[in-house]
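A.B. asks: With the hints as constraints, model all of the structure from the sequences given.
Next come the chains, spelled out residue by residue.
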Amino acid sequence: MSADVLSFIIFLPAVVAFGLMITTKNVEAVRNIAFLATTVVLALVLKLYLEFEPSAGMQFVTNASWISSYGINYYIGVDGFSLTILMMIAILIPTSYLLLWEGRTKGYWINLLLVQTGVTGSLLALDVVLFYFFWEVMLLPVFLLIGIYGFGNKVFTTIKVTVYTMAGSLLMFVAILYLGVAFNSEYGYWSFQYNDLMKITTLSYEENIWLFLAFLAAFAIKIPIFPLHTWIMETYKNAPTGAVFLLSSIMAKLGVYAIVRFMIPIFPEIYVEFSMWFVIFGLFGLVYFGIAALMQDDIKRMFAYSSASHLSFISAGIFSLNEYGINGALYLIIAHAIATGALFLLVGIIHEETGTKSIKQLGGIAKTAPIFTVIFAIMLFANVGLPGTNGFVSELLIIFGIYEFNHTLGYISALTVIIGASYMLWMFQRAILQNRDGECLKMRDLKIKEIIGLTPWIILVFLMGIYPDIFIDKFEPTVTHYINDILKIGAMK
Amino acid sequence: MNQLILIMPILIILSASVILMLLSVYDKYSTKNFIVISSIFLIIALGFSIFSFEDMYSIKVYSDIFNNVLIFDSFSNFFTILLILGTLLTILIGEHYFLHRKYFKGEFFTILMFALFGMILLANSNELLTAFIALEIASFSVYVMVGYNSDDNKRVEAIFKYLVLGSFIGAFYLLGTVLIYGATQTTNLSEISTYIATHSGAELNLVYIGITLILFTFLFKIAAFPFQSWVLDVYRGAPMIITAYMASVFKIAIFSFFLRIFLQDIASIIDFWDTIMYVLVILTLVFGTWLAVTQKIVKRMLAASSIVHTGYLLLAFLALGQNGEAAYATMFYLIAYLVTAIGAFGLISHIISETSVRVTYDDFKGLSKERPFLAAMMTIFLLSLAGIPSTIGFIGKFYVFTEAINAGFAALAVLAIFATIVSVYYYFRLIATMYFYPANASCESVGFNDKRVSTYVIAFLAIVTILGGIGSAIVFFIPIPSIDTIIEISQMTVRSLFIK
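Each protein sequence line maps, in turn, to chains B and U. The first sequence stops at residue 538 when you use the numbering used here, and every number in between is there. The second sequence stops at residue 509 when you use the numbering used here, and every number in between is there.
I should point out that these hints are in silico values taken from the structure, not numbers from a laboratory. Do not rely on the hints blindly, as some may be mistaken.
[Said to hold, decoys possible] List time: in silico DSSO-like cross-link candidates among lysine-lysine, alpha-carbon distance up to 30 Å:
#1 B:151 to U:163
#2 U:460 to U:378
#3 U:460 to U:114
#4 B:151 to B:70
#5 U:378 to B:70
#6 B:492 to B:405
#7 B:70 to U:460
#8 B:244 to B:519
#9 U:170 to U:114
#10 B:151 to U:378
#11 B:519 to B:92
#12 U:111 to U:163
#13 U:305 to B:205
#14 B:405 to B:205
#15 U:170 to U:111
#16 U:41 to U:114
#17 B:205 to U:378
#18 B:492 to B:151
Just so it is clear, the structure is predicted and the values come from calculations on it, not from any experiment.
C.D. replies: Here it is in structure tokens:
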């Protein structure tokens, strides 16, 4: 397959979006074409997935000069990490369209398409400036989505989330420029490719720490890691379903991915030195957000906290310095994206049908919507990490990883996972199962289309849970290789 | 190269202003005719200046007549092209505004041409007094344009403030020139530079003081701290399209002359002003940001944010001392700001042409539903001003910050980034106002006719803004100069400064 297939995967949604913007006003046509475009992307990614050679490192590379006076290249490629996440994005987006099928406007679909270009672009970019380019651009459609289609105090929310996340990424931007300048003064030519920036040796320890923190600001806000989480509650509560889905199950994961892709390779010694702190922060976030989730009444806010809690756990896994932890984190990224994405979409249906998202006012949904309840339960158990689901495999791996990193923290992490189960099941019992006093809620069951959309997700939940090897095999060589490199460089420096 | 061809652009502009003045006596020529005539002259002048842009040169034209006061090199040519292009764009984008304001008659275009003449002269000056005269020709024309239609109270205030302060600061320039003359017995830049090279220590004291005084004028004209206070009222009071002109084109003219001085003539002693410039950059950024956040009127917000952009430009200017590459960053940023600011201000002038209300944030509510095309264009310009990737403003910021860090001013770059973070807030607030609120009942759509020159120019500028940010290296099938080309051109023009 030609190497340009990645460019095609990145830009097809945006091109389709711009085409739709100027050609048709018919919402159904827009939706159908958007769905078709994302399905084409899915087919291409599937083909890519099968052709990918796990042990061969970076593949399908395109490296063309973009701004040659500063050595900025259009440099994209895919390895085990990005391929796995790319596959996840490609599957989740078209199927989620099936759940968003009715009652959207043209702008909604166009913005969804634009987000896809942004996320796949930043996922595949290997030049840091190019990465920054996509990283910022993907925010604009989300800004519009929340502002136009959101609920409550949506304008304030959308400006808050935009300024908050841009503050982080602009700090990262300075750090990127600083690295570029350092590279130029050491090697005499400009380059912003991540594998070139890794070679910088002239930076002092303090400089490295500041740069590391600047990068962390961008990613920790997006993930979010405690204490930079204050934007997500309002945002997840007020944003429309599509935007919440994208933010929680795809964009937040990109923050984790970017840590793995850029931060750790560029600052390996800082990563090694401060890993203990980050694991502790991660575990603290897991507990803190978990307890906060227990106390929420708004179901979307509760999921926001639950999502933050899991992502803290993922980042703890990333910083645990070993293969188990990183494999598990990567696996949990996928598992969590599927489970949380599905739950947010299902909650979106609850909200649209019944008009409420307060746990106290909900109830009795199991009776009126049995299929809905079954799927909801499956995703919930996957999220909690019940054995047999993908959540179990990944949480187990991370716990192993943290245990190997530090025994005490390992025990703590094993215990704290229970918090996740408690708030989830309690919510499930109150909002879905338990009978409601007074009138029944007007809740419909899932339509065929929605069930079809969710079927691949359910299959993945169990397939990944029961037979994880077929997936892990694709990215494990990359991880092994990666860990060896990082620890070697870290020890050397 | 033929010297006549080199001075053709400036001659054409001068004769255009005279011809327009004569024509404006007759009533039978409408405003439309004047727009067409001045555009034709500008296009011819542009043609001549692009024609001579092939290779590097540096010629002191007719040195026996002008006694070396004028210099024509690729550097000045670069700026001449920008100035003419900027004026052309201003006229075309303001077409709608001009036609719906009764007071824009023939004389106005005469003054505009005189202003342009002064600016081109300034870009070509090689002598302090010539530069002063050129600067004053341009400034006085701008004063008149700011005060055009003086039955508006705000406008009277604006012109009076600007005129008094501008003349006052002009006196500093003259004093500086006198002091330099006292030390060096010359006002010719090349000779001053020779003097600086051959003397040192206390002999240079007067030169230091003189140049500092001249710098005051520079800082005033580009509205840097502590001379920024006039900007808000003047920009607010002036006709919208003149605000656009001042914010972009006039600023470029000022920078063209001072870049020349800094790069060519006083490069060896430039370190002297580092500390004061360092402080000024900080204060300009902080004050500009603070002003911009607190404004309720969109025009004032854009005016205040132009102070912040001045701060970025000064940052690149400061980096010049350590790192000559920063000159290209300055030049690129000027181009980026030219395109975006003319676009943004021009678009607002286009919107208010017929209605005359849209000035506060509230007035922009629901624009995306009334006029989705214009709202989209405005969004592009605002994104570029905020420096979001995929716009030319981002590349401009990229260069400026990179060169600032390269010159060792990382702390300032971080401060500038904080200013950018705040700017995201006030620019995005306007986008949010346009898109997320329903329209005010009073401003219901009344069938706008958007098929006119102004709209096409706005669309053109928006496309340039996007292409300038993406670059034709990726969009390879569009044969326009890519980002690299602009940088290479500026490198070439800067090199032409050093031809002896």
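A.B. asks: Please name the hints from earlier in the document that this structure breaks, with their numbers sorted from lowest to highest.
C.D. replies: 1
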